[in-house]
Every structure is written in structure tokens, then in C-alpha cells.
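2 protein chains.
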Amino acid sequence: MQRYKCIVSYDGTQFAGYQVQPNKRTVQSELENALRKLHKGLDVKVFASGRTDAGVHARGQVIHFDSPLRIPIAKWEIALNSLLPNDLAIVGVEAADAGFHARFDAKGKEYRYFMYRSSRRDPFKRHYAYQYSHPLNIPAIKDALPFLVGEHDFTSFCSAKSEVEDKVRKVSEIELLEEEDMLIFRFTGNGFLYNMVRILVGTLIGVGSGDISSQAIPEILERKDRTYAGKTAPAHGLYLWEVHY
Amino acid sequence: MQRYKCIVSYDGTQFAGYQVQPNKRTVQSELENALRKLHKGLDVKVFASGRTDAGVHARGQVIHFDSPLRIPIAKWEIALNSLLPNDLAIVGVEAADAGFHARFDAKGKEYRYFMYRSSRRDPFKRHYAYQYSHPLNIPAIKDALPFLVGEHDFTSFCSAKSEVEDKVRKVSEIELLEEEDMLIFRFTGNGFLYNMVRILVGTLIGVGSGDISSQAIPEILERKDRTYAGKTAPAHGLYLWEVHY
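First to last, the sequence lines map onto chains G and Z.
Residue numbers for the first sequence follow our numbering, so the first one is 10 and each next one is one higher.
Residue numbers for the second sequence follow our numbering, so the first one is 10 and each next one is one higher.
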């Protein structure tokens with residue numbers, strides 16, 4: 010038996026999220042279907058660094074699985090991709106130690122959120138960036154960022170549905186990039202709660218639109234109450250960019 | 010009655026091409042459906058600069074239509090986009106002279122063809138660029154370009170199904186751009202025959218892969234026979250980029 014670590018990229022548009030759900034097309038079920046075919050009907054369980062929601066994309070999701078197959082390491086990517094649908098791809102495979110775990114060994118993650126800042130419709134961006142045509146006060150957004158960076162209890166920035174007990178996370182960096190008509194938020198941290206990046210973005214949009222003051226961020230954190238933060242930004246602008254080990 | 014000229018952008022992935030066909034989803038039928046709604050059930054015929062095939066994209070297709078509606082010019086784009094599906098968008102509207110014709114007044118067109126030069130699968134490019142992972146001799150392709158530029162009978166580079174009589178067209182420029190892992194062909198000319206850009210690209214790929222010599226291009230043109238040129242490159246790498254008037 011050998012453990013493999015794979016980097017996985019997917020267009021989230023036509024997936025009901027990462028995790029297996031009955032009668033839904035999910036990333037995990039497509040990965041496990043491909044592995045089952047490769048293993049002649051044997052079930053192979055896949056473990057990911059974490060879930061992604063319906064519509065959320067991934068450039069660098071990481072998974073691991075165990076296999077008894079003696080496939081040379083360089084052939085795994087081709088073998089798996091030949092069995093996967095074309096909106097889901099393996100973009101890297103390496104042999105891992107038997108103790109490696111995609112979720113528990115993850116030291117941090119990077120997410121990016123793409124906003125398309127235009128009132129002009131672009132059919133090529135409809136699934137890949139959140140179109141937002143209202144004015145945004147970018148300096149106000151930048152003023153808000155330092156209040157969010159660091160170790161905080163992010164209860165206010167977590168879906169109320171979450172069952173995680175400890176909501177303290179460390180956001181190590183938030184960067185705002187402006188590239189032509191795209192505004193890109195880069196978030197890196199040791200872990201992110203359910204919907205956390207989307208609520209951070211929604212809150213920062215609230216700051217940029219003048220609904221929320223930059224200076225109010227510390228209080229929103231202190232309240233530990235989801236209702237004080239901004240809206241949850243749409244899923245289709247979000248990309249799980251990289252997982253760090 | 011006022012004639013309107015519109016610039017139209019579409020993701021060709023889910024269209025059976027531009028032109029109306031029975032029981033198929035086409036760009037023209039979606040445009041005419043939207044106009045019919047806006048005109049309370051009145052049929053409004055749309056005329057385009059030319060057809061595009063199933064899977065072919067457009068950044069700058071041009072259409073015209075006539076309307077009795079007194080909608081301010083600045084509101085047309087919003088009104089039409091609110092009635093169009095999100096893979097098809099109006100990106101410009103202007104009032105045109107009564108004699109303007111999107112097809113007959115077109116002086117030239119620009120097409121671009123995107124090739125993704127990698128053996129690594131990319132789920133985000135699957136519908137938007139032709140993945141080609143084999144080696145290509147770029148200098149050989151560049152050597153072939155001057156033979157294709159200029160006024161020629163392009164019968165060899167036209168689908169044998171075409172019913173057009175006069176197959177003489179003038180290609181004013183072919184440019185090859187390399188941007189990271191993308192190879193982009195830019196074609197400008199006074200008109201392009203059915204499948205012509207895709208056969209030009211397929212032939213240039215034949216030159217780059219060593220199947221066709223650069224020096225053979227003049228003979229391929231002279232033969233006036235489709236079987237002498239290369240394959241028809243896949244539709245999903247092709248974009249109607251701009252129409253010149």
C-alpha cells in the first residue's frame with residue numbers, strides 16, 4: 010500500500026461542492042469514481058484538505074488516498090485524468106509518507122476571490138468572477154484589512170450553521186490586487202471556517218460601499234455574532250488557490 | 010423605425026452556432042426571442058456580420074435590427090441584456106443609418122485562435138482554448154505565414170460543403186502571439202470562408218508539427234482542393250474578435 014498526495018483543480022460551476030452527497034455530482038464522488046475504475050471496482054476513500062461549497066473553484070485543492078497499484082509515479086496523473094470529467098483535473102501527484110494527511114497536516118491555505126468591476130456584462134466571466142458594478146472605496150477597504158489580519162475569534166465571520174467549536178483562526182495576510190477590471194482579494198491563513206472567506210469579502214464590500222465603517226471591524230469581531238458582519242459573497246468568485254504543508 | 014447596430018459577445022459552448030436552426034439553441038434565436046419580448050410579441054429579424062459555428066465564441070460579433078420602440082440609446086444595452094441568457098451579452102449599441110447592414114457593410118474581420126500549449130489539464134480552459142501538448146516548430150509556422158497573407162483563392166482552406174462561388178479573399182495580417190502557455194493566432198482580412206480560420210490554424214499546426222512544409226503553402230493554395238490543406242482545428246479555440254466597418 011502506498012499513500013499518494015495529489016493537487017486537484019476544478020471548475021466548481023457544475024459541482025454541488027466538494028463533499029459526497031446522495032444523488033449529487035460532487036468533486037469527491039467523481040474522484041472516488043475514477044479511483045474505483047482504476048482499481049477494478051475496489052473502493053478507494055479520498056481525503057481532502059477541506060470542503061469547498063457548490064460553485065467554488067479550486068486551483069490547488071490537495072487530496073490523499075492509499076493504493077496497492079504499482080503505477081509509476083509519473084503515470085498517475087495521466088491515468089487518473091483519463092478517467093475524470095474535463096471540469097476536474099489532477100495537476101500533480103507525489104508519493105507521500107504513510108502518515109501524511111491532506112487535512113490534518115495542512116499548515117495553511119490561500120484563497121483568492123475575484124470581483125469583476127464593470128457594468129458591462131462579460132459572458133466569459135459569468136461563472137469565474139463576481140460582477141460588481143457599484144462604486145467601491147478602495148482606500149476604505151485597505152484601511153479595514155489590518156483589523157482582520159492576525160489571530161482572532163472569527164465567529165462573526167462564520168456561517169451560523171457551522172458546528173466547529175473553536176473559531177479562533179490566524180489570518181496571516183490579506184492582499185488586494187487591482188488588475189484592469191478585476192479586483193482580487195488574496196487571503197492566507199492557518200485555516201478558514203465555513204463560509205469565512207465569502208463573509209470576509211462580503212464585509213469588505215460593505216466597507217467599500219460605505220455600509221460598514223473600517224473602524225467597526227474590531228467591534229464586529231468582538232461581538233462573535235454572524236449578524237454583525239456583511240453578506241456572504243457569491244460562491245463563483247472564490248478559488249481555493251493553494252494548500253501549504 | 011430606427012435601425013440599431015449592436016456589438017454582441019457570447020460564450021459559444023452551449024450554442025449550436027449563430028444561425029437559427031429548428032429545435033436548436035442558437036445565438037440568433039436567443040437574440041430574436043429577447044427582441045420579441047421587448048416588442049410585446051412582435052417579430053424582429055436580426056442580421057449578423059456572418060455566422061459562427063457551434064462552439065465558436067465571439068467578443069465582437071455585430072448585428073443590426075430595426076425597431077419602432079422609443080428607447081433612449083443608453084438604455085438599449087440594459088434592456089436587451091435583462092432579457093438575454095448570461096452566456097450572451099450586448100456590449101455596445103448605437104443608432105445606425107437606415108441603410109446600414111451588418112453583413113454587407115463589413116469591410117473586414119478579426120478572428121483569434123487560442124491554443125493552450127501544455128500537457129497539464131486545465132479545467133478553466135477546457136471550453137476556451139484548444140489544448141495541444143505536442144511540440145511545435147514556431148519558426149516554421151512563422152515562415153509559412155507570408156505565403157497566406159494577401160489576396161488568394163482560398164478554396165483549399167474552405168469547407169467542401171461551402172456553396173460560395175467566389176473564394177478569393179484578402180488576408181491582410183496573420184500574427185502569432187506567445188503569452189505564457191498560450192499561443193494566439195490573430196487573423197485579419199476582408200472576409201473569411203466557411204471554416205477558413207480553423208483550416209488555416211489546422212494547416213499551420215501541420216507545419217509546426219512537421220507534417221506540412223512551410224514551402225508547400227503556395228502549392229496548397231494553387232491546388233484549390235480542400236484535401237491538400239491540414240485538419241480543421243477545433244471550434245472552441247476560435248473567437249470572432251472584431252468586425253470592421
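There could be a bad hint or two in this list.
Computed beta-carbon distance windows for the label pairs [stated by the list, open to error]: (1) HIS48(G) with SER142(Z): 22 to 32 Å; (2) PRO94(Z) with ASN199(G): 37 to 47 Å; (3) GLU174(G) with LYS46(Z): 17 to 27 Å; (4) LYS46(Z) with ASN146(G): 48 to 58 Å.
Bear in mind the hints are in silico, worked out from the structure with no lab data behind them.
Bear in mind the structure is a predicted one, so any value in this text is a computation, not a measurement.
By construction, the Cβ of each residue, glycine as well, lies at the ideal position given by its N, Cα and C atoms.
Discussion item. Are any of the numbered hints broken by this structure? If so, which, sorted upward?
Written reply: Structure breaks hints 3, 4.
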